[in-house]
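Chemist: Sequence:
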Amino acid sequence: MDASPLRQRLDLSGIWECRPLAPDEDALRAEGDWRPMPVPSNWHLAGLENYAGAVAFRRSFAADPSPGRAAHLLFRGVDYYADVWLNGIYLGHHEGYFQPFSFDVTGLLRPQNELLVRVEAPREEPRAVWPNRKRLIKGIFQHHDCRPGSWSLQHGQDAPTGGIWDRVELVYTSPVHIVSLHVAPLQASEASALVLVTARVRSPERRQAEAILELRPLSDKGGSARQALRLSLQPGENELCFTLTVPEPALWWTWDHGDQELYLAELALRDDEGGLDILRERCGLREMRIDEDWTWRLNGRPFFPRGTNIIPAEWLSQYTPEAIARDVSLLREANVNAVRVHAHVNRKELYEALDEAGIAVWQDFALQWGYEDSDDFVREAVRQARDMVRHLFNHPCLVLWCCHNEPLPHNRRRLGPALAAALRAEDPTRRVEEASDFRHHPYPGWYYGSYREFSGLPGAPMPTEFGAQALPDIESLRQMLPPESLWPPDWDAWAYRCFQYHETFHVAGIGTGNSLEEFVAASQDYQARLLKYAIEHYRRAKGRIKGLFQFMFMDPAPLITWSVVDWQRRPKRGYYVLQEAYQPVLPIVTMEREKTT
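Numbering of the sequence shown is given in the working numbering, commencing with residue 103 and proceeding in unit increments.
A portion of the hints provided could be inaccurate.
[Said to hold, decoys possible] Here are the computed distance ranges between Cβ atoms for each label pair:
#1 Glu375 with Glu350: 36 to 46 Å
#2 Ser431 with His359: 11 to 21 Å
#3 Pro511 with Trp253: 48 to 58 Å
[Claimed, not checked] Simulated crosslink set (BS3-like; lysine-lysine; CA at most 30 Å straight-line):
#4 Lys323 with Lys634
#5 Lys236 with Lys323
#6 Lys634 with Lys644
To be clear, the hints were calculated from the coordinates, so they are not data collected in a lab.
Glycine is no exception: its CB is placed at the ideal position from the N, C-alpha and C atoms.
Make a model of the complete structure from these sequences and hints.
Modeler: Shown next, in the form of C-alpha cells:
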C-alpha cells in the first residue's frame, strides 16, 4: 500500500504495441510489423509463445506537463532487463524481474507522449552458462524441476517468463516527496510495542519542513502513536528516523494463535504553505524470535511452523487476486500456518493476502542451484537481495530471509556470505539463513531408500523440504496431455511435465496398474502414505523437531510434481493427509506390537 491523497496516478496498462527484436537491432529504429499485446502480461501467454530474447514495447499517452509537480514513471514488474525511452530521451536501464523501479520524468512530459521499452529475457547458453553458471537472478523461473521442461538441457528454459508483467504508472508528486517508509517492530507484547520507523525523503533544494508520523490500528482494537519532527531538508535524499512506543498494541498473530490485526503507518510532510506529500503503508506489530537452535517464539509464545513450500504461478501476470484468494483459502483449510516462498519472490498481492490470513512466510531469494561466481554477479545479487528486503519489509507475515536454495559448492565461498551479510545489515529484525541446503531436504522413499527412514528424523531440527511426487487428478491430466501421450504413457511427454520415471518405479515402487485411473490412485496413495508417516514422526518428536516445511503445496503450471494440489487446484489425496496431520493438536497412536489370532 502506497496510497496518498496528495498524489495523482495515470495507469498506463492496456493494449500496447510490441515487436520482437533481432539481437543487435536498435529499438528506437525498429521497423516492420508491430503487433498488439496487453500490458501487463508475460509474452509467452500473449502471442510470443516460447520466445526468448528482446522485445520492444511502445504506447502513446496524454499527460499534463504543467510545472510545479514532479513526475515519475513507475514500473511495478518487468522480466528481466529493461531499457526505457520517453519521447526519444533515454531514461535508463534496470535489471531484475520482481522489484518495482522508476524514473524521474519531471520536465520531459508533453501533452502527447511516446513511451518505448526494450525488454530482454534471454535464453542462457546451455552447458557454458546454464545450468551451473547462470547469470539471470530468476530462481525457479529460470531453472527448476517444477517448471515446463523440467531441468532438461534442451527444454529446461522453455515457456519463458519475460515481459512487462505488472502495471506501469505515471505518478505525480510534490517536488518534495517521500520515497519509502519502513516499519520495524523491535519488541512487541500485549503491554506495549517498540517500533522503529525509517523513511527517505527527496528534496530538490534546502527546505524547512515538518514530518508527522501516525501509527494507528485498522480495527477498533489497540493503541496508537504519533510523533512529529522538524526537518532541515538537504538537496537529494534525506533519511528520517522515528522511535515510537505503542501502548496496548493490537498484535498480529498467525491464524492458529490469535487475530491478524494490522496497522496503518501514515507519514505526512508539510511546510508553512501546506501539505507536501503523504505516504501510507500497511504493517503489523509482532515479534518473531527464532533462536540458534531453531526454537520459534511469536510475541513471546512458542510457535511450531506447520509449513509447506509454495510456487503458485509460473507466470506472475496470471496470478490474479482471485487466484491468490483461492490458494490462501486452500492453505488455511489444510491447517498450514507457515509457507516457504520457494526460490523466488512473488507478487506483492500474495504477501498482503498472507498478512490477512495469518500465515507466516519464510522468504527465499530468487537463487536456485548454481550461478556465476564473478565479482560483478555477487554485486548484482547483493543489490537485488537488498531490493527484495525493501520491497517486502512491511509485511508482518514475513519472518525469515533465506539467501539461496541448494547452492552448488562454488557459490558457498563468496556469494552466500555476501548475501547473508547484506540482508542482516538491511534488516536486523528478522533471521537470515545463508541457504536452505541439501541436508535440510530429506527425500527417503523418493530419491533413495524407504519412507520409513523418516523415523530417524532426517533433516532435523528444521526439515525445509520433504515429500514425493503424485499424479494429478485424472481430468487435470487429460487437460494437460493429448490422448496419444496420456495412455499408454509417452514417457518423454510426461518427463517434459516433470514426471520422474526412475524414482516413481524403481525407488517408490509404484505400479501403473491396468489403467490410467489405477496409476493415478496408486501414485496418490503412495504420496499420502509417505506424508502421513513423515509428518507424524516429525510431530511426535517436537522438541527435537522445531518445525517443518513439506514440498510442495500447489503446481505453478500443468505439471506432475510433489504438489498436493494440482495445477487446476484439484486436491490430491496428500492434501487431505496434510490437512489431518497439520491439525494444531494432533493425536497419534503408536502400535508397539500386533497380535493376531
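Chemist: Now tell me, hint by hint, if it's right for this structure.
Modeler: Evaluated hints:
Look at Glu375 against Glu350: about 38 Å separates their beta carbons, and that is inside 36 to 46 Å. Between Ser431 and His359, the C-beta spacing of about 19 Å keeps the proposed range 11 to 21 Å intact. In this structure, Pro511 and Trp253 break the distance hint of 48 to 58 Å, their C-beta atoms being roughly 18 Å apart. Annotation: proposed proximity of Lys323 to Lys634 is violated, straight-line Cα distance about 40 Å (limit 30 Å).
For the suggested pair Lys236 and Lys323, the alpha carbons sit about 49 Å apart, so the restraint of at most 30 Å is broken. Pair hint Lys634 plus Lys644 holds up; C-alpha atoms about 16 Å apart against a cutoff of 30 Å.
In this structure, the hints that do not hold are numbers 3, 4 and 5, in rising order.
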